[in-house]
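*Asks:* One-letter residues, chain by chain:
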Amino acid sequence: MDNSPNERKNNRRKFLRVSFLTGLSAVAAKTVCADIPVDPEKETGEMVTLLSPDGQLVKVAKEKINYMEKYISPEASRKGIPHRKFVMVIDLAKCKNARKCVENCQKAHHLPPHQEFMKVYLMQESEEAAPYWMPKPCFHCDKPLCVSVCPVGATYKRSDGIVLIDNERCIGCKFCMTGCPYSARQFNWADSPYLHVDQPYSPETSVPGKEGTVSKCDFCPDMIRDGKMPHCVSACPMGVIYFGDQLEDIVTNGEETIRFSELIASRSGYRHLEDLGTKPSVYYLPPVNRQFPVDRGFDHEDEINQRYKDVPYVKKMHKN
Amino acid sequence: MSYKSILSRRSLIIVLCSVMASLQLAAQNINSTLELKELKASDDSRIFGIKLTGENESGAIPVFQAKVDFFTTADGKSELLGSASTDRDGSATFKVEKGTRLLKDKEGISMVTASFQGLGKLNSAEANVKFKEINLQINLSEKDSLNTIQLQASTVGPNGESVPLKETTFNIYVQGLFSKLKIGECFVDAGAGTFEFPKNIPGDSNGNLKIFVRLEENEIYGEVEKTGNAKWGNHRSGFVEPSRSLWSSGAPIWMITTLIILLTGVWSHYLYAIVQLIKIRKEGKKIDQE
Amino acid sequence: MESNKRKQELLKEFLPQLEKTSFLWYAWVTFLLGAIFLGVYCLVLQILKGHIITGMRDNVVWGVYIVNFIFFMGISYAGALVSGSMHLFKTSWRGPILRIAELTTIIALFIGPLYILLCIGRLDRLPFLFMYPRIQSPITWDVIAITTDLFGCLIYLYLSFIRDFALLRDSGDTSLPKWRINIYKVLALGYHDTPTQKKRIKNVTNIMSAMIIAIAIIVYSVLAWIFSVTLQPGWHSTIFGPYFVIAAVFSGAGVIIILMRVFRSVYHLEKYITKQHFVGVGMILMVLSMFFAYFTFSEYLTKWYGSKKLDDNLIQILFTQYFWQFLFSNYVGTLLPIIIMGIPRFRTINTITFAAIVAVLALWMNRYLIVVPTLETPYMPIQDTRLEWLLYKATWIEWCLTFGGVGTFCLLFTLAAKFVPIIPVSEVADAELEMSEALAKGQDNHAATITIPAKKQVVLKKEANEL
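Chains as they are written, first to last, in our numbering: chain U, 5 to 324; chain F, 59 to 348; chain S, 10 to 476.
Hints are supplied without guarantee of correctness; some may be wrong.
To be verified - Reference excerpt, derived from the structure (chain U facing chain F, CB under 10 Å, subset only): (1) ASP58; (2) TYR125; (3) GLN128; (4) LEU149; (5) ASN309; (6) VAL315; (7) TYR317; (8) VAL318.
Please keep in mind that the hints were generated in silico from the structure rather than gathered at the bench.
Positions of the beta carbon are idealized from the N, C-alpha and C atoms, including for glycine.
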């Protein structure tokens, strides 16, 4: 475990820099003259720390998003973004359980620490098989059993392939949770401060959540409409997750852009538990020629490492 | 590793850290870093992007609302082009319209400098970028069922004359939903080059493609871009939701039929039973009256 | 008419049960109300604090509640099947236990659905089930099926009550309050036992008893499909429909035996509910336990041999963590009724009742083993550190609500038995008449599912009286 915090910080900074530089050409030809309200007294709400031009550290309220401007109502969210079919490709060879996808997703969806739309599993098919880290969002299946069994149409499959939940319709029967073979869905078991967010509810943001209803990964259609990638994709420092439109055959991890079909063909992409026939929209690239040893993924607090204690590899590690 | 290589290839970007003003202030002062990038856009304007950050113990923090000045510099002379103010990310862009006169040295190289003055505890910072004028024209044509992109590129000679571009590789991209997909390279020599556009690129739902021809990270010319639109895509039809499936809003016909048959069968018997009960009651009433 | 006289006689015998209420009865009802109140208190807590106060979590999303749901629905369908088929096949000894079976059907049918409501996170949105129905969902099937079943059972139950309501209305010299007589009067629908009325009732009852059997089978299969349409390894099975139906009748027969035993003692019905009846229903119990054991065996055998990873996980957990429960529910629960009923020497009212109690408890446990271990072994490994997320353990809230449901079942039964005679007077009188006629002719009884020669019946009755 030679992945020191310093090294990680460096990696992250390099990554940020690269994204800034590559992003330039997308900048529209206009000068930006931001008018930022400085309100140091207001500690509630999300704050960002910035430097003022004279070198003072100031806390500034995060840019206020005009939710109403791009608000997609539950009714409108039943229609997909036209002429799109979203796919995700997860490169298992690059994942080292950095958990940035999990953390950023949680932050964006106002999830409590233990609730994860994106989960990272330590998979090991058998005792002899190689262990590998497997990030797992909702698979947004093309034959979604969760949708089939919903008695009130609270969860639905859109034309762009995304499966969403309308938590204003959901009665909380949890049938979809038993229907999903990938444990993608979570129930809001109790009321919590995380469910009280001052923003209008849209199934596209899954925020705010509601007690007694089901929620899950939503593929961030609100971000997609903004021309941005889902939070997990842009957060990954390793570029593990590719996202894009299957119809235009292009996926990107923010760093490199590849044709989806070529990526799947050249790297032998597959879907998890294909034989269940649910036809997921999430593909995996097998963990071959790995960039990191599996051990790198244990650079976390105990609580997270403890999750993997039943994996044969970890059991063996503890024995030695 | 990959990041390092990307960075090293970006040799155009020269990042200058400011020199500390004086020793006694050194303890308190904050070093600032300015990054500068330049692009010659499709409309022949030039866009300059900067990012200004200040370094403290917790890392790089964006400096916002800072005024950054842009100068054109050559042979010791310097003229102010304009200025821009940074946003919350510490970023700002500055556009130089087509035809704006930029100072050139005798080799025809222009230099643009971005400069942050420094204020209070924040040290000043400066960065510059050098490039030589280049003219790029593209032509999208369909000939003999072949889709081709023709490139014509020239640069400026010592006396201001047009000189055909030599041995330079341009990258060809198409616009995707989030980013650009590189589909090939076009080698330009003697001021011209041809690129045969592949037939299997889907494009948008109408088969429209936005094509980018770009010169990237070139040590002499910097970043240059030209765009064009063509209907060369072979877009497949979208994902069509089956109108009546187990997961659609409308149920399959056989399911509705089965349900109707079952329910009619059962409830008609209930109805019969209720009718019989009513008849019993009628008879009972008659008896009661008698 | 002889039959009318006999009916009045019988009614006289049962009237005291309806008229007088003992101190013990009040104590019993108070106790039940206490249990129900505790359940209501827990329900309020659950609504206020959310499902977090149950043992259910993201993996085991359904727990004891759904087990109780299947259990009570099973009892209900069993009551319908038993009473329906006894009526349809004119089982000679059905009379005295018919009403117990019918009441079981309807009362369990009221309680079962309450448990599925407890699994629902947002009870305020229940109308959505009717406002935005999706008929692809087995839950919608269940809503339709249970509603249909409830209507059918109510009609069937009512049909069997009309004649007794008429008797109660006409009984004249009772100490029953006037309002009760008036209720009987309205409910009796002006039935006067005229030949046409008699014919109509008989005709409709026959039709409805056939309907009830068909509906019970379909409805309980629908309930099984809630589980088997999912991909969960322990549930995704084609035999789940028939398996659930068999299991339902098995447990229901057990509950009927228990109730027979209770009413026999409490209401001193030794003369009417005899050993013959216990042996009769006990035989049903035995046959069904054999079927049930067969289904259970084939269900687990195929999984065991199949060696599929997830099936294997399930079998592993059943044979380790749930070993004793598995042993009890699938071995003891099925073997005991077979042994007790299979060896004539062992057949006494008390042993049969004991077998029934064990069978009912085993069946409840069987449902638990179908629901919980399956959800504890999902396709994706459970990688969590929170104990309650790893293993399901029902909380006191869930247990209180379970007992509250059982309490409601008992209370409704107690009240029903106070309102109408627990023995269907008209039915019994008619049956006695038929029997005496048959005896006089020296003929055998009608074809019946379980035929006991008339002479032996007399002997059995004597035995019962001696007990």
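*Asks:* Run the structure past the numbered hints and jot down the numbers of the failing ones, going up.
*Replies:* 2, 3, 5, 6, 7, 8
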